[in-house]
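Peer 1: Sequence:
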Amino acid sequence: MSLIDNIVVSGGTHGNERTGVCLVKKWMENPTCYESLCKSARVELVFANPEAVRLNRRYRDFDMNRAFSQTCLDVSAEPQQYEFRRARELNRIYGPKGPDTKTDLILDVHNTGSNMGLCLILSARDPFTMKASAVLTQEFDDAWIYYQPEERSASPYFGTVAKADVCIEIGPQQHGTLDARLFERTEKLVKRYLELADEWNRGELQKRPPIPVKVYTQLRDLGYPKAWTGAPIEAMIHPDLLGRDYRELRKGDKLFRTFDGKDILYEGEADGRESVWPIFINEPAYYEKDIAMSLTVKSVEMW
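For the record, in the sequence shown the residue sitting at position 189 is 192 according to our numbering, with numbers rising by one throughout.
Don't take each hint at face value.
Unchecked claim - In the DSSO-like style, the derived pairs of lysine-lysine whose C-alpha atoms are separated by at most 27 Å in a straight line are: (1) Lys28 / Lys194; (2) Lys254 / Lys217; (3) Lys105 / Lys194; (4) Lys210 / Lys191; (5) Lys42 / Lys191; (6) Lys257 / Lys217; (7) Lys229 / Lys254; (8) Lys191 / Lys229; (9) Lys134 / Lys229; (10) Lys254 / Lys210; (11) Lys134 / Lys210; (12) Lys229 / Lys217; (13) Lys210 / Lys42.
Read the hints as simulated data drawn from the structure, not as lab findings.
This structure is a prediction, so every number in the text was calculated from the model and none was measured.
All chains, please: the whole structure from these sequences, using the hints.
Peer 2: Given below as structure tokens:
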């Protein structure tokens, strides 16, 4: 990435994830909170899904953070579902998605019910987001980097409308609620991204020495045990695993527990891999998607 000229800070992509909603609302009402942090770029604020915010629900008709793939945006017919229409509107305002987008960086603030701390989700190996996120893992002891490698045009997330993005997942926090400690840490984190963008534009961030970071790279999503697709779940996350996001899960470790108390063990991966590092463990919003957790591979890199 060259200079960062346009930044969008968004909340309410999921309307019941209140930290981002209230952060954007606070900054809209008090511009002095952020205006001086990155004077070298234009910073815009947006409620991504205002209808879901009004309802205090994840979405009205469809998960909007699954509506930004190029295929979804390019469909010629006018969609009936609200979130698809809103995704197209946001793409017109901040895009169009692809090399001609008007937006250099989107910071999209979310909440998760999982024990994820300050999770910095990167969808591409962009020089600024990598360097800035590495710095923040040094400044925040509960900041983690989750890398989701995906062809950008196929990615369904709002942030991919911009040239670069960070999806900031904060937890654990129950959906529809607020946590003062997490809100304040999130605000500090987003402010630091803006300050680091200004440092980048001055050419100073690039001069910092490489930083060793733990990177958790997406491997696959793991569903709940079921008799068949669409059937009720037959087991819960094992109590030994609950809340242990980013911790190693080895072949033979306890993974699920059935309702009659039987343990289901992790059997390893089809490729012979015997260890993974789960995240988004028991995320409430993922029950409808049949995702019990996301499995990752851990590495240490110099960013």
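Peer 1: Decide, hint by hint, whether the structure agrees.
Peer 2: Hints, one by one, checked against the model:
no.	hint	verdict
1	Lys28 / Lys194	holds, 15 Å
2	Lys254 / Lys217	holds, 22 Å
3	Lys105 / Lys194	holds, 22 Å
4	Lys210 / Lys191	holds, 23 Å
5	Lys42 / Lys191	holds, 17 Å
6	Lys257 / Lys217	holds, 24 Å
7	Lys229 / Lys254	holds, 21 Å
8	Lys191 / Lys229	violated, 42 Å
9	Lys134 / Lys229	violated, 42 Å
10	Lys254 / Lys210	violated, 42 Å
11	Lys134 / Lys210	holds, 10 Å
12	Lys229 / Lys217	violated, 33 Å
13	Lys210 / Lys42	holds, 20 Å
Checked against the numbered hints given earlier, the structure breaks hints 8, 9, 10, 12 and satisfies all the rest.
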